[in-house]
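Go by the hints and put chain B onto chain A.
If you're matching them up, the sequences are chains A and B in order. Its first residue numbered 528, the first sequence is counted upward by one per residue in my numbering. Its first residue numbered 12, the second sequence is counted upward by one per residue in my numbering.
By construction, these hints were calculated from the structure, which means they are not laboratory data. Where hints are given, some of them may not hold.
[Claimed, not checked] Listed below are several chain B residues computed to face chain A (Cβ distance under 10 Å; list not exhaustive): (1) Ile128; (2) Gly164; (3) Asp165; (4) Glu247; (5) Val251; (6) Gln252; (7) Asn261; (8) Ala267.
[Said to hold, decoys possible] Straight-line distance between alpha carbons at most 20 Å, and here's what the computed SDA-like set of lysine to any residue pairs gives: (9) B:Lys263 to A:Thr899; (10) B:Lys132 to B:Lys93; (11) B:Lys93 to B:Ala198; (12) A:Lys678 to A:Pro712; (13) A:Lys813 to A:Gly795; (14) A:Lys747 to B:Gly266; (15) A:Lys829 to B:Cys250; (16) B:Lys132 to A:Asp655; (17) B:Lys132 to B:Glu79; (18) B:Lys258 to A:Leu746; (19) A:Lys829 to A:Glu864; (20) B:Lys230 to B:Tyr85; (21) B:Lys241 to A:Pro775; (22) A:Lys829 to B:Tyr85; (23) B:Lys263 to A:Phe909; (24) B:Lys263 to A:Phe904; (25) B:Lys258 to A:Gly896; (26) B:Lys132 to B:Pro39; (27) A:Lys829 to B:Asn261; (28) B:Lys230 to B:Glu79; (29) B:Lys132 to A:Ala651.
Owing to the predicted nature of the structure, the values given are computational and were not obtained by experimental measurement. Heads up, the beta-carbon is just placed ideally off N, CA and C, and yes, glycines get one too.
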Amino acid sequence: MSGANASPTGRSNQLMTGANASPAGRSNQLMSGANASPAGRSNQLMTGANASPAGRSNQLMTGANASPAGRSNQLMTGANASPRRSNQLMRRTLLHIAVACILATGSLPALQAQNQNAAKWTAARTPDGHPDMQGMWARRGAAMAESNAPKTPLSEFGATGQPYPTVFNTGVSTPQAATALANRPAGIIEPADRVLPWRPEADAARREFLSHMIPPASLKYVEASARCVPPGLLGGDDRHPYQIIQRPGSFVLMYEYNHVTRVVYTDGRPHVGPNIRLYMGDSIGKWEGDTLVVDTTNFNDKTSFSQAIPFHSDALHTVERFTMVDPYIIDYQLTIEDPTMFTAPIRIAGTFAAAAKGAELMEFACAEGSQTLPNIFGFGLFPGQ
Amino acid sequence: MRSVLSFAFWTFLLALPAWAQAPARGIPRAADGKPDLNGLWQVLNTAAWDLEDHNGSLRVPAGQGVVEGGVIPYQASMLARKRENFQTRDINDPAEAACYMPGVPRATYMPYPFEIIQNSKLITMSYEFGHTRRSIFTDGTPHPTGFPDFWMGDSRGRWEGDTLVVDVTNLDDRTWLDHAGNHHSDALHVVERYTMTSPDHVLYEATLEDSKVFTRPWKISMPLYRRMEKNVRILEYECVQYIQEQKYGNAKPVGAKP
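In isolation and in its complexed conformation, chain A is listed as follows (with noise of 0.2 Å):
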């Protein structure tokens, strides 16, 4: 899902007008029923469905919704007061919105000039000038996903095959996920081959690691999130949402994951003493044109990287790259360098797509009532438990 959405609204309105002209114009009003929203609200909803020729209803959900910051707050309100029955009318009315909206404009060829246009598209600006990123996001492919991963006990012993929680989670289905992700780079981008350059030393320890998982030979060998460890940078779970709000001076991003909120300074602060060890290390940025730039230090080694790397040194250092590309994807670009894992700095890629759904994040609670280490120990935190 290209700038296609960022069309002007000149565009958006006559498409509009062609919907209306249509059957269409009865979802249109189901639409503003289910969402309270105003006209100007469905132009938007109206221009994700175009955006995306493959017209899936998930994909015009990411339209839907995808609207930077302040919108899709709205709009997700309407869609949290009562979960299940607005997001199916919302998915139902899309996809009679996307079908009105290919018939009414006539033929693909028509939608891809529009996403020619969109190559114009300049980012907002918040108050001190900067690209304005502020909403919610779903991560997609920020992964350290290894060619030649070992087989980690965890992957057989995972699928339990329970359901996903969804009603109340604002889970992070977007849109974004059929075409326009599918051609965005994710993963481990250096090196190309994606073979970790490992020191032999760590491969082997982080082998030795995984022999003890299942079942864990003490504390520090059940899985980091089990333990409810903080994720670090990359061991959250991505069904999760993340919101991203900046102040002049700092840029916040929330994790719905583990309730983690990182603020990375922009106000030319040095990094905290060496002596702080930190589970989400210190971040501060800096910002080279449009693009953000943050330089995390002070991690201490107790997060995971993934299943299979479940840990890191705290030599760790960080380099990450928030690049606005069009109003529903950050291109995200991270850089690890630790010289006593690898003998090479690490990039990987991935995607902060606008979240299809999901105004706000809802609470996360891990160590709260769970009874995992009570399982594994024979015996919990309280007495009698």
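Relative to the frame of chain A, chain B by itself:
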């Protein structure tokens, strides 16, 4: 001379109410004109140990209470549980013994800093204790219906003049109000008021209403102080990890290989 002094005295007294009600001057303001609460804040009191007057004891600093009227108005049948909680607080306090999220309003007066992250639609409070976080929606949206209880509740805020008023519902009944075992039910409804009284001070007030536990609504208040150290930031107090290490660090998992 006496009459001049007397005039000054009465003028001062008469002017006092007007002065107290005038909008605070010189406080930072956001682009939308609202008071700008962005920054790191922390209490300087002992409410986390006990909301009421209390003497010092081992690892508990003495303190004057923050409850208006001095005493929490428990229903008679609810006092026994408070006493039982107090007796077992070192092993049963959900926040201190298990590092669960402290709930509202307790998160505010834990002896750790918290950061307010504010824009025109959303105010986020990010607490150092257990990296707990809550979002306060100020976009006019109501509390959701049909949602479960949350450890930190559901917060919807609005501005009354220069005061941020936050309505909190959906609070989980498993949190305590302090380390002394003061408790509440799932009917707890909290209304918080945040009023900047200077660029570096916020008056924090919270009214607690719980028809299952208290005889009437009651109120606490205390100042919040801005953390002003150069480059100060929220660090990490990951007590879930510390407690796990303490409880399970030397324990053998059930079924572990010998």
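**Message:** Output the indices of the hints that this structure fails to meet, ascending.
**Reply:** Of the numbered hints, 10, 12, 17, 22 do not hold.
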